[in-house]
Amino acid sequence: DSGVTQTPKHLITATGQRVTLRCSPRSGDLSVYWYQQSLDQGLQFLIQYYNGEERAKGNILERFSAQQFPDLHSELNLSSLELGDSALYFCASSATSDGLEQFFGPGTRLTVL
Amino acid sequence: AQSVTQLDSQVPVFEEAPVELRCNYSSSVSVYLFWYVQYPNQGLQLLLKYLSGSTLVKGINGFEAEFNKSQTSFHLRKPSVHISDTAEYFCAVISGNTPLVFGKGTRLSVIA
Chain A
10 DSGVTQTPKH LITATGQRVT LRCSPRSGDL SVYWYQQSLD QGLQFLIQYY NGEERAKGNI
70 LERFSAQQFP DLHSELNLSS LELGDSALYF CASSATSDGL EQFFGPGTRL TVL
Chain B
3 AQSVTQLDSQ VPVFEEAPVE LRCNYSSSVS VYLFWYVQYP NQGLQLLLKY LSGSTLVKGI
63 NGFEAEFNKS QTSFHLRKPS VHISDTAEYF CAVISGNTPL VFGKGTRLSV IA
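Heads up: the protein sequence lines correspond to chains A and B, in order. Each step along the first sequence adds one to the number in the working numbering, with nothing skipped, and position 7 is 16. Each step along the second sequence adds one to the number in the working numbering, with nothing skipped, and position 49 is 51.
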């Protein structure tokens, strides 16, 4: 158990819908990272927050957004969902912003029908 | 942009045999290298990392990796694998201020 929790574990929704994925980092960790894992794209970095501020941005679509709240939990919002958004979404956390020791959550499996 | 190549998508190996999973990264001034393992239906777990110092890095579960700057490689090895090592293994790199970049993964299947 990494100490990072993600909810829900599974999510099934329809095209065009909007969903919110939630991540609670390990106690004391200030950084939260979001990743997407799909069969064709592999594991891709989406976005990083550090102590409430956006720190780095990767291949995140404009339809996707994230935020980190004062209690340090983070949410990833995916809107206007397409079939191709079906993937595993992982959250990771680390104590510092350099990303050198990231602890991954179990992931949320999103299926868009 | 930094990239990571895992040369084998699948590696079958018999139990108690040695294994090497290959990883090459695109050259950069300085890199930090990682191996993560993903067991079925689970998140990623850090196996080992190279930040600086000794080029031979030992990790959990008996795995080790060697950083070779001249060959831009960071191959993962284990002298004797167990059935429980069956999983997907990801090599990853951080270079400068870039975020973690992963390879496509190598699926290790240990055969009894």
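Misleading hints may appear alongside valid ones.
[What the hints assert, rightly or not] Among chain B residues calculated to face chain A with C-beta under 8 Å, some are: (1) Gly45; (2) Phe92; (3) Leu102.
[As the list claims (entries may be wrong)] Which bits of chain B does chain A cover? Going by a derived footprint, with three or more residues having C-beta under 8 Å, they are: (4) 62-69; (5) 104-110.
For the record, the hints were derived by calculation from the structure and aren't laboratory data. Glycine included, each C-beta is placed from N, C-alpha and C at the ideal position.
Here's how the hints hold up against the structure:
With its C-beta approaching chain A no nearer than about 4 Å, B/Gly45 sits inside the 8 Å limit, and its interface hint holds. Taking 8 Å as the C-beta contact cut-off toward chain A, the hint placing B/Phe92 at the interface holds, the least distance being around 6 Å. Proximity of B/Leu102 to chain A holds as hinted, the smallest CB-CB distance being about 6 Å (cut-off 8 Å). Judged by the Cβ-Cβ criterion of 8 Å, the stretch 62-69 of chain B is not covered by chain A as claimed, because only 0 of its residues qualify and three are needed.
Three residues within the 8 Å Cβ limit are the bar, and the stretch 104-110 of chain B against chain A gives 4, so the coverage statement holds.
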